[in-house]
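Asker: Here are the chains, one letter per residue:
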Amino acid sequence: MPTYESDVCIIGAGISSAMLAEKLTELGPGLAVTVVEAGSALFDVSARIRNRQRNLDYGESAWPGDVLEDQAGAEGLVCLTMAVGGQALRWGGACNRFSEEDLRLKSMYGLAVDWPLSWTELEKAYCEAERRLNVFGEPSPYPEDKRSEPYPVRALTLSYNLQRLKEWAERSALKFGPLPMAHNLKPFGGRGACCLFDTCGTVCPPGARYSPDFTFKQLAAEKKITLHDRTLVRKLVLDERRPVVAAAQAVHRDRPDEKVEYRARTFVVGSGYAWSPHLLLLSACSRFPNGLANSSGLVGKYMNGHKIIQGQATVDLQLYPGQNMAYSLISRKFFRCPTDQPFVRHDTRVWESNAGRGPRLRDDNGRLLMGDALMEDWRGRTKGGSVRLRAYYDVHPDRESRLVLHPTARNKWGDPLFRIEHRLDAASLAREAATHQHIRGVFELLAKADNGKLLSAGEGTHLDHPGGGCRMGTDPAASVCDSYGRTHDHENLFVVGAPTVPTAGCTNGALTFVALALRSGDRIAADFAKRK
Amino acid sequence: MYRRTLMTYALRAASVLPFLRVRLEAAVTELPAESVAALKDLAAIVLPSSLGRRRTDVIAVEFARWVREYRPGVPMDPGYGQPRLRNTPPSPADDYVAQLKALDSAARTQGKPLARLGREAQQKLVETALTEAKVQILPQRPTGQHVASDLMAFYFQSSEANDYAYRAEIGRHKCRPLEVSTKRPKPLEM
Chain A
1 MPTYESDVCI IGAGISSAML AEKLTELGPG LAVTVVEAGS ALFDVSARIR
51 NRQRNLDYGE SAWPGDVLED QAGAEGLVCL TMAVGGQALR WGGACNRFSE
101 EDLRLKSMYG LAVDWPLSWT ELEKAYCEAE RRLNVFGEPS PYPEDKRSEP
151 YPVRALTLSY NLQRLKEWAE RSALKFGPLP MAHNLKPFGG RGACCLFDTC
201 GTVCPPGARY SPDFTFKQLA AEKKITLHDR TLVRKLVLDE RRPVVAAAQA
251 VHRDRPDEKV EYRARTFVVG SGYAWSPHLL LLSACSRFPN GLANSSGLVG
301 KYMNGHKIIQ GQATVDLQLY PGQNMAYSLI SRKFFRCPTD QPFVRHDTRV
351 WESNAGRGPR LRDDNGRLLM GDALMEDWRG RTKGGSVRLR AYYDVHPDRE
401 SRLVLHPTAR NKWGDPLFRI EHRLDAASLA REAATHQHIR GVFELLAKAD
451 NGKLLSAGEG THLDHPGGGC RMGTDPAASV CDSYGRTHDH ENLFVVGAPT
501 VPTAGCTNGA LTFVALALRS GDRIAADFAK RK
Chain B
533 MYRRTLMTYA LRAASVLPFL RVRLEAAVTE LPAESVAALK DLAAIVLPSS
583 LGRRRTDVIA VEFARWVREY RPGVPMDPGY GQPRLRNTPP SPADDYVAQL
633 KALDSAARTQ GKPLARLGRE AQQKLVETAL TEAKVQILPQ RPTGQHVASD
683 LMAFYFQSSE ANDYAYRAEI GRHKCRPLEV STKRPKPLEM
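Top to bottom, those sequences are chains A and B. Numbering follows my numbering, in which position 274 of the first sequence is assigned residue number 274; successive positions increment by one, without gaps. To convert, count from 1 in the second sequence and add 532; that's my numbering.
Only true hints are included.
What the simulated footprint calls covered on chain B by chain A, stretch by stretch (three residues with Cβ under 8 Å from a Cβ of chain A suffice, anywhere in the stretch; the number is not a length):
#1 579-586
#2 686-694
#3 709-716
According to the in silico footprint, chain A covers these stretches of chain B (three or more CB under 8 Å from chain A):
#4 603-610
#5 647-659
#6 669-681
#7 700-706
Keep in mind that the hints were calculated from the coordinates and are not lab data. Just so you know, even glycine gets a beta-carbon here, dropped at the ideal spot from N, CA and C.
All chains should be modelled from the sequences, with the hints used to inform the complete structure.
Answerer: So, in structure tokens, the structure goes:
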């Protein structure tokens, strides 16, 4: 059986693992770091433009080969992308910070749980994450959002549409700024500069929008890490005497009959919010029959995410949809909630939109249109503008918001897959109607200006930016790992990124996942320095 | 000589075995020349006449290329949030050929080929075909439901059509300098 030895073995190659691997190679230049990923390394940057065009023209996947079909039998909200780069191959690049309230929900509002770290600690990690991701942004108009460092890059100038929409939206008395994004405005980190392909959330041909495949490719090319793709880790195995992880057992997808073993002094599970707790549960053994790191019984529990309300409004402003549809405005006004008022926290986002202003086959009377009639009908609806509105709002998971091993679905190696059932806690459910009413009120307030009209507002069908399943905390009975991701049960086993968050905030999560992973990097590197 | 004889037997067998014939015909993945010609006539009916016949012919040829470069059974984008695995369906080429023929046959019941009917009669025939095919909306991109709605989707959902409708150089999904987006789009020279 091939056996590979290293100092640190990272399982999973998404955005958190990329940042962690990069940091470890800097803090410990002599550290042997191996990254093991079940999916393939899709490093052909020259294919991006072709794949993008096939995606636009035919709906084909922009990342062909990024799905492991035999793992796709898992149920619930799960990312199907399995490739070096993970789901961040397809993210839009939004890099919003959470706010201090997210870390103090219990002490400020009596809700959910406090995070086991201070805002100052997280804010420092945010600054580092923003530097590494080369985030552009501009200072928030709300003083509570003060930063210890400026953004690494000044924000991209708003598009003409967004300039108009900012004037429009701020008549509501909410203040807006450009969404901070991990997009290169000039070449950086071996990646190109943005040239407005406007398919950021699918694929960015020049790599201006950060994606972790670049980091892994560079680290592997410089021999700073060893990258094993197409290798599925099936189980973590404990040392015979001590409660530490001794090995990760894996199988190469191209040589399914051949087992592979990874031995390391430290193991890091960085497989995303679903596959991380899944691996810990799969690794049950006689000494830990409920799975590794699970003496609290909380592996796979408190699966979280935030809820979404989307709206469409029409305004008299003349807009030109298609200028830069991926760029948006954000207001952080409702990140804060006075403690003496009903709890409601959400972000407020504004995009240009072509809703109701695109070509259509039938007019309002159901008459079929074609040729000149269709173009005339379309032109008649190009006067004015459409606005897309969205709010992510803060909800908290019930303990039984869970991931469990699937009773029947298995992959081709016979390992059970999983099922995820999200469940909100009682307080979140109790305030949902009031939250909806509040957000609808905000949308209506926004829409008032320029003779605007809110056309629709409805709730999304899933929790976005999901996390949890290995939540962090100070109490080993009430959490899986500490604030550095070190599991309470196994001193050499870390979990990083999305699985560790106790709650999912009210805005995009990627920057927070990365910031937390970078803190893990500090601790892992310090461990090795101490051993020396 | 032996190979030719074998081919003759194979073709005869194909003619008497409908099952095999279907399989042989199913190999069509691009539009034959007569269908491309019919497609040009259709484009002149369902696309804006203000584009001019030369431009609508070019769009028809580009659509024929879209058909030729179509790849069935390829993984589609799984989407975000509630991802699902799907592959692209079979090539729509066969259906398009049949639909174009059906349109022309319907026209000939009125005594003329489709291209020589009056505009109103042409559009009525297309409308009937789309109604029979239960086409309700203009798809985001061609779906194989009907050649007429797919040809319309191919053009009307394009960046070019968006600019044409707004009479402005927006250039959606085109690689552009960042500064371009910060200003009101220039009027489109028409």
